[in-house]
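Just need the whole structure built from these sequences, with the hints factored in.
Just so you know, the sequences run in chain order A and B.
Residue numbers are given in the numbering used here: position 183 of the first sequence equals residue 183, and the series is strictly consecutive.
Residue numbers are given in the numbering used here: position 93 of the second sequence equals residue 93, and the series is strictly consecutive.
I should point out that these hints are in silico values taken from the structure, not numbers from a laboratory.
Mixed in with the good hints there might be a few duds.
Unchecked claim - For lysine to aspartate or glutamate, the following DMTMM-like pairs were computed, each having C-alpha atoms within a straight-line distance of at most 25 Å:
| # | chain 1 | residue 1 | chain 2 | residue 2 |
| --- | --- | --- | --- | --- |
| 1 | A | Lys144 | B | Asp22 |
| 2 | A | Lys144 | B | Glu16 |
| 3 | A | Lys144 | B | Glu76 |
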Amino acid sequence: MSAEDPNPAATPTPCEDIQGDGRWMSLHNRFVSDSKDKEPDVLFVGDSLVQLMHQFGIWRQLFSPLHALNFGVGGDKTQHVLWRLSNGELDNISPKVVVLWVGTNNHGETAEQICGGIMAIVQVIKNKLPHSRTLVLGILPRGKSPNPLRERNAKVNMLVQEAVSVGDHCDGTITFFCVCDTVRNVMHCAIERQSLAGNHLFH
Amino acid sequence: MSGDDLNPAAVARPVEDAQGDDRWMSQHTRFVQECKDAEPDQFEVRQDLFSPLHALNFGIAGDTTCNVLWRLQNGELENICPKVVVLWVGTNNYEHTAEQVAGGILAIAQLLTSRLPKAKIVVLGLLPRGERPNPLREKNTVVNGYLRSWLPRLGRAQLLDVSGDFVHSDGAISLQDMFDFLHLTATGYRTMAKPLSDLLLQILEETHVPGI
Numbered sequence: 001m002s003a004e005d006p007n008p009a010a011t012p013t014p015c016e017d018i019q020g021d022g023r024w025m026s027l028h029n030r031f032v033s034d035s036k037d038k039e040p041d042v043l044f045v046g047d048s049l050v051q052l053m054h055q056f057g058i059w060r061q062l063f064s065p066l067h068a069l070n071f072g073v074g075g076d077k078t079q080h081v082l083w084r085l086s087n088g089e090l091d092n093i094s095p096k097v098v099v100l101w102v103g104t105n106n107h108g109e110t111a112e113q114i115c116g117g118i119m120a121i122v123q124v125i126k127n128k129l130p131h132s133r134t135l136v137l138g139i140l141p142r143g144k145s146p147n148p149l150r151e152r153n154a155k156v157n158m159l160v161q162e163a164v165s166v167g168d169h170c171d172g173t174i175t176f177f178c179v180c181d182t183v184r185n186v187m188h189c190a191i192e193r194q195s196l197a198g199n200h201l202f203h
Numbered sequence: 001m002s003g004d005d006l007n008p009a010a011v012a013r014p015v016e017d018a019q020g021d022d023r024w025m026s027q028h029t030r031f032v033q034e035c036k037d038a039e040p041d042q043f044e045v046r047q048d049l050f051s052p053l054h055a056l057n058f059g060i061a062g063d064t065t066c067n068v069l070w071r072l073q074n075g076e077l078e079n080i081c082p083k084v085v086v087l088w089v090g091t092n093n094y095e096h097t098a099e100q101v102a103g104g105i106l107a108i109a110q111l112l113t114s115r116l117p118k119a120k121i122v123v124l125g126l127l128p129r130g131e132r133p134n135p136l137r138e139k140n141t142v143v144n145g146y147l148r149s150w151l152p153r154l155g156r157a158q159l160l161d162v163s164g165d166f167v168h169s170d171g172a173i174s175l176q177d178m179f180d181f182l183h184l185t186a187t188g189y190r191t192m193a194k195p196l197s198d199l200l201l202q203i204l205e206e207t208h209v210p211g212i
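Okay, structure coming up:
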C-alpha cells in the first residue's frame, strides 16, 4: 500500500441500509435533531460500546448530571462516525468535552489505517468545535482468549497515543485515555506530559 | 411447508468466525458447559422476573434460525430436562422469505419437541423494527401469521405475540422502547416480559403434578 492510497477508515462513509429498515439513518437524523435542540456539555460519540452505556444505570448516575449526549451507533466503524460528524451531528452545539470511542469494528483494516481513521475524526472535531477538548478512549480487548483482534486493538491504542502527543495536538486539547493493562505505562506518560504542560483532564 | 431440506432457513449452520476473535463459538461452548453443569426447569431470559424460575439464557446476538438450529443440534440440549423452552429468533434471517423464516422456526420447534418430550414450547412473535413502517416490519408480521397457524398443529407449542404496544398510532417506534429501533431498552423488555412471565408461571403450574 503506497502513501497515495486513500485510507478507507479515514474516508467519510455512510452506512448502507442492507437490512431494509433504515435504522442507521434514523439514528443519525435523530442525533442531528438533538444537536439543534440540546446543549450538551459532554458529547459521547462512537460505536455500540458508547450506545449501550446509555442503557445502563451508570449513565444516569455518572453522565446525565454532566449534561451529556450519546451519539453512539452499534456496529459503526471510524468511517461511519467520520461521516456522521461531518454531516450535522456537531452543528449547533458547543460541548466542553467530546469523548470518542471507536475502532473495534474496523474489520479488514490495519491498525495504522484505524489509527488514521480515529485521527481524522479528531481533526473534524477540532475543526468544527475549536473550543472543545477531545478525550479519545482506548479500544478494549475482546474475545475469550488471546487472538489477533486483541493485538490489533492494542496496536491501535499505541499508535493513537503517540499521534495525540505530537505536532498540532501538543496543545493539550486531545487526551488519550485507556483502561487497558497493556497501555497503562503509556497512559502514565501521557498524564505526566499533560501535567507538565499545565493541563488537567477535567476542569 | 414442504421438505425442510429445501428451506435454507431450516439448514443448521454455525457462524463463521469472520472477525477473528471466535466469540460465537466461545458463547456456544459456554452454553454446552452450562447444560452439563445445570439442571434447569426451563430456559430463557434472565431478569428479576425469570431468575426464580431457574432459567438459562442461550441467546446470541445476530443469530438466524440456521445458527440456533446448529447450536441445539450440537450440545445445547444435552443433559437437561426443561419444562418450558422459550424460542425467539427470525428477525436476523435477512436472506430468507417470510415463509422460509417461519419454516425455520417451525423446524427448531420440531427439534425441541422431539428432543425434549416433556417440554412445552413458547415461541415469541417477531417484533416490529425500524423507526417507521418498512418492509422488514411487514415481513415479520407475515412470519408471525404463519406461526400462528402452524404451531398449534405441532402440539405442545404456541405463539405468544408481544409486539402489540410497540408501534404507536402514527406508525412510529419509540427510542424509549428500542434504543436502535431493533433492540429493546429496559422499558421495552418490561413491556414484553410481563405477559411472557405470566404465561410461564401458568405453564409451570399446569405441569406441576405432585408425585411425579
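Outcome of the hint check:
Simply put, Lys144 (chain A) and Asp22 (chain B) have alpha-carbon atoms about 8 Å apart, close enough for the 25 Å limit, and the pair holds. Proposed proximity of Lys144 (chain A) and Glu16 (chain B) is supported: the alpha carbons are some 16 Å apart, at most 25 Å. A threshold of 25 Å between alpha carbons decides the hint, and for Lys144 (chain A) with Glu76 (chain B) the separation of about 19 Å falls inside it, so the pair holds.
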